[in-house]
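Asks: Sequence:
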Amino acid sequence: GSGAELYSKYVGEGEALLRRTFQKARLAAPSIVFFDEADSIAPKRGHGGSSGGNVTVGERLLSTLLTEMDGLELATGIIVLAATNRPHVIDAALMRPGRFDLVRTNSNILSHVGAVCATS
Numbered sequence: 001g002s003g004a005e006l007y008s009k010y011v012g013e014g015e016a017l018l019r020r021t022f023q024k025a026r027l028a029a030p031s032i033v034f035f036d037e038a039d040s041i042a043p044k045r046g047h048g049g050s051s052g053g054n055v056t057v058g059e060r061l062l063s064t065l066l067t068e069m070d071g072l073e074l075a076t077g078i079i080v081l082a083a084t085n086r087p088h089v090i091d092a093a094l095m096r097p098g099r100f101d102l103v104r105t106n107s108n109i110l111s112h113v114g115a116v117c118a119t120s
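The sequence shown maps to residues 1 to 120 in full-length UniProt numbering.
Just so you know, these hints were derived from the structure itself, not from any lab.
A few of these clues could be false.
Label pairs and their computed distance ranges (CB to CB) [claimed, not checked]:
1. Ala118 <-> Gly12: 18 to 28 Å
2. Ala16 <-> Ala118: 30 to 40 Å
3. Thr67 <-> Ala29: 29 to 39 Å
4. Thr21 <-> Gly98: 17 to 27 Å
Just so you know, even glycine gets a beta-carbon here, dropped at the ideal spot from N, CA and C.
Go ahead and model the full structure; you've got the sequences and the hints to work with.
Replies: Structure representation (structure tokens):
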């Protein structure tokens, strides 16, 4: 599914779904978590998502995603991939080393993913 599917009319439901996704990945390791339309769950803070009080839904999803990805530092066998056609709107905190620190924008991405998976 896409990152946009994490948006819900119920406060906190998207964040809970995101946490469950990572929990399932830990239980099924080795595994790959893939986010399509990653810009919808990781917008630059102050620029995206539906309002839900003082913090937008996008900001809450981003916070949850950052926490879950930080928790993967201790885990092995989990690869997180994301795709977007709007990389300029993704929050910089997600692109720091240890999170999404390898960016591919060309047609060689599938061969690179295969090579990474083969060495994990």
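Asks: Look at each hint and say if it fits the structure.
Replies: Checked hints:
Separated by about 38 Å at the C-beta atoms, Ala118 and Gly12 break the suggested range of 18 to 28 Å. The supplied range of 30 to 40 Å is met by Ala16 and Ala118, whose beta-carbon atoms lie about 33 Å from each other. The supplied range of 29 to 39 Å is broken by Thr67 and Ala29, whose beta-carbon atoms lie about 18 Å from each other. Between Thr21 and Gly98, the C-beta spacing of about 19 Å keeps the proposed range 17 to 27 Å intact.
Hint check: violations occur at hints 1 and 3; the rest are consistent with the structure.
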